[in-house]
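Asker: Those protein sequence lines, which keep their order, are chains B and L.
Using my numbering, you'd call the opening residue of the first sequence number 1041 and step up by one each time.
Using my numbering, you'd call the opening residue of the second sequence number 1041 and step up by one each time.
No wet-lab data here; the hints were simulated from the structure.
A virtual CB, placed ideally from N, CA and C, is assigned to each residue, including glycine.
Treat the hints with care, since some could be wrong.
Once the Cα atoms are required to be at most 16 Å apart in a straight line, the calculated EDC-like pairs of lysine to aspartate or glutamate come out as [what the hints assert, rightly or not]:
id : chain 1 : residue 1 : chain 2 : residue 2
1  : B       : 1050      : L       : 1103
2  : B       : 1104      : L       : 1062
3  : L       : 1050      : B       : 1113
4  : B       : 1050      : L       : 1113
5  : B       : 1104      : B       : 1120
6  : B       : 1080      : B       : 1112
7  : L       : 1104      : B       : 1062
8  : L       : 1080      : B       : 1083
9  : L       : 1050      : L       : 1083
10 : B       : 1080      : L       : 1083
11 : B       : 1059      : L       : 1075
12 : L       : 1059      : B       : 1112
13 : B       : 1050      : B       : 1120
14 : L       : 1104      : B       : 1113
15 : L       : 1080      : B       : 1072
16 : B       : 1080      : L       : 1103
17 : L       : 1080      : B       : 1113
18 : L       : 1059      : L       : 1075
19 : B       : 1080      : L       : 1062
Per the computed footprint, the stretches of chain B lying under chain L, defined by three or more beta-carbons under 8 Å from a beta-carbon of chain L, are [claimed, not checked]:
id : region
20 : 1067-1078
21 : 1083-1089
22 : 1107-1116
Computed beta-carbon distance windows for the label pairs [what the hints assert, rightly or not]:
id : chain 1 : residue 1 : chain 2 : residue 2 : range
23 : B       : 1104      : L       : 1089      : 37 to 47 Å
24 : L       : 1100      : B       : 1092      : 38 to 48 Å
25 : B       : 1066      : L       : 1118      : 15 to 25 Å
26 : L       : 1091      : B       : 1071      : 17 to 27 Å
27 : L       : 1057      : B       : 1054      : 32 to 42 Å
28 : B       : 1093      : L       : 1090      : 21 to 31 Å
29 : B       : 1067      : L       : 1067      : 10 to 20 Å
30 : B       : 1105      : L       : 1115      : 38 to 48 Å
31 : B       : 1074      : L       : 1060      : 13 to 23 Å
32 : L       : 1115      : B       : 1066      : 22 to 32 Å
33 : L       : 1091      : B       : 1105      : 31 to 41 Å
Number of protein chains: 2
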Amino acid sequence: MRIRIFVCLKEGVLDPQGKAVERSLHSLGYQEVRDVRVGKYIEISLDAPSRPAAEARIREMCDKLLANPVIEDYRFEIQE
Amino acid sequence: MRIRIFVCLKEGVLDPQGKAVERSLHSLGYQEVRDVRVGKYIEISLDAPSRPAAEARIREMCDKLLANPVIEDYRFEIQE
């Protein structure tokens, strides 16, 4: 299975990288851009006996290593 | 419109961050994980008169600032 994981700062948590990208886009002439948020995109290949088993393992990995649950949210998609 | 942009190193380009994450997952006991790639996930709000107009603007932004076309691929999704 191929897994795509998206990790983003929670709503309300200041995102300085997003603000920097937004300012850069504005200075390049893209004034129509708003609310830029920058996060991580992680692709993983995984061997798991079933989809629920994979989901449980991925949730563990995210909570332990891939995301910081205090300030970050994550979601993922599974492709078989 | 809300745009989600995914930027990843091209196939064949060495991804040291992905390798580091893979090793960390293995050392935490997730031996079933392979081929980890780490990229950027960018969310943007955009005002555009139409979907094709938005697509053209986003492609420009990616080529100029958000991705390095020499070593990175990008794709995006538009939600209206």
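Asker: For every hint, state whether the structure bears it out.
Answerer: So, going through the hints one by one against the coordinates:
A distance of roughly 27 Å separates the Cα atoms of residue 1050 (chain B) and residue 1103 (chain L); the hinted pair therefore is violated under the 16 Å criterion. This hinted pair checks out: residue 1104 (chain B) and residue 1062 (chain L) have alpha carbons roughly 13 Å apart, not beyond 16 Å. For the proposed pair residue 1050 (chain L) and residue 1113 (chain B), the alpha carbon gap of about 26 Å is over 16 Å, so the pair is violated. With a CA separation close to 26 Å, the supplied pair residue 1050 (chain B) and residue 1113 (chain L) exceeds the 16 Å bound.
Of the supplied pair hints, the one linking residue 1104 (chain B) and residue 1120 (chain B) is violated, its CA atoms being roughly 24 Å apart against a limit of 16 Å. A hinted pair counts as satisfied when its Cα atoms are at most 16 Å apart, and residue 1080 (chain B) with residue 1112 (chain B) qualifies at roughly 10 Å. Straight-line distance between C-alpha atoms of residue 1104 (chain L) and residue 1062 (chain B) comes to about 13 Å, which keeps the hinted pair within the 16 Å bound. Between residue 1080 (chain L) and residue 1083 (chain B) the alpha-carbon distance is near 11 Å, which keeps this suggested pair within the 16 Å criterion.
About 21 Å separates the Cα atoms of residue 1050 (chain L) and residue 1083 (chain L), which puts this hinted pair outside 16 Å; it is violated. With a C-alpha separation of about 11 Å, the suggested pairing of residue 1080 (chain B) with residue 1083 (chain L) holds against the 16 Å cut-off. Distance restraint check for residue 1059 (chain B) and residue 1075 (chain L): the Cα-Cα separation of roughly 31 Å exceeds the 16 Å cut-off, and the hinted pair is therefore not satisfied. Only pairs whose Cα atoms come within 16 Å are accepted, and residue 1059 (chain L) paired with residue 1112 (chain B) is rejected, the gap being roughly 22 Å.
For the given pair, residue 1050 (chain B) sits about 29 Å from residue 1120 (chain B) by alpha-carbon distance, which is inconsistent with the 16 Å threshold. For the proposed pair residue 1104 (chain L) and residue 1113 (chain B), the alpha carbon gap of about 28 Å is over 16 Å, so the pair is violated. The hinted pair formed by residue 1080 (chain L) and residue 1072 (chain B) fails the criterion: a straight-line CA distance of about 21 Å is larger than 16 Å. Only pairs whose Cα atoms come within 16 Å are accepted, and residue 1080 (chain B) paired with residue 1103 (chain L) is rejected, the gap being roughly 19 Å.
Annotation: proposed proximity of residue 1080 (chain L) to residue 1113 (chain B) holds, straight-line Cα distance about 15 Å (limit 16 Å). Restraint check: the Cα-Cα separation between residue 1059 (chain L) and residue 1075 (chain L) comes to about 8 Å, which is no more than 16 Å; the hinted pair holds. For the suggested pair residue 1080 (chain B) and residue 1062 (chain L), the alpha carbons sit about 15 Å apart, so the restraint of at most 16 Å is met. Counting residues of the region 1067-1078 of chain B whose CB lies closer than 8 Å to any CB of chain L gives 9, which reaches the minimum of 3, so the coverage claim holds.
Note: the region 1083-1089 of chain B has 6 residues with beta-carbon separation from chain L under 8 Å; the three-residue rule is met and the coverage holds. With a threshold of 8 Å between beta carbons, the proposed coverage of the region 1107-1116 of chain B by chain L is violated, since 0 of its residues qualify and at least three are required. About 45 Å separates the C-beta atoms of residue 1104 (chain B) and residue 1089 (chain L), a value consistent with the hinted range of 37 to 47 Å. Remark: the range hint 38 to 48 Å for residue 1100 (chain L) to residue 1092 (chain B) is upheld by a beta-carbon distance near 42 Å.
Here the CB-CB span from residue 1066 (chain B) to residue 1118 (chain L) is close to 20 Å, well matched to the stated 15 to 25 Å. Take residue 1091 (chain L) and residue 1071 (chain B): their Cβ atoms lie about 19 Å apart, and the range 17 to 27 Å holds. Hint check: residue 1057 (chain L) to residue 1054 (chain B), Cβ distance near 23 Å, so the stated range 32 to 42 Å is violated. At about 44 Å, the beta-carbon gap between residue 1093 (chain B) and residue 1090 (chain L) misses the expected band of 21 to 31 Å.
At about 43 Å, the CB distance of residue 1067 (chain B) to residue 1067 (chain L) disagrees with the hint of 10 to 20 Å. Against the hinted window of 38 to 48 Å, the Cβ-Cβ separation of residue 1105 (chain B) and residue 1115 (chain L) comes to about 25 Å, which falls outside the hint. A C-beta distance of roughly 34 Å is found between residue 1074 (chain B) and residue 1060 (chain L), which places it outside the suggested range of 13 to 23 Å. Distance hint check for residue 1115 (chain L) and residue 1066 (chain B): the Cβ-Cβ separation is about 24 Å, which falls inside the suggested range of 22 to 32 Å.
Taking 31 to 41 Å as the suggested C-beta distance range, the pair residue 1091 (chain L) and residue 1105 (chain B) conforms, at roughly 37 Å.
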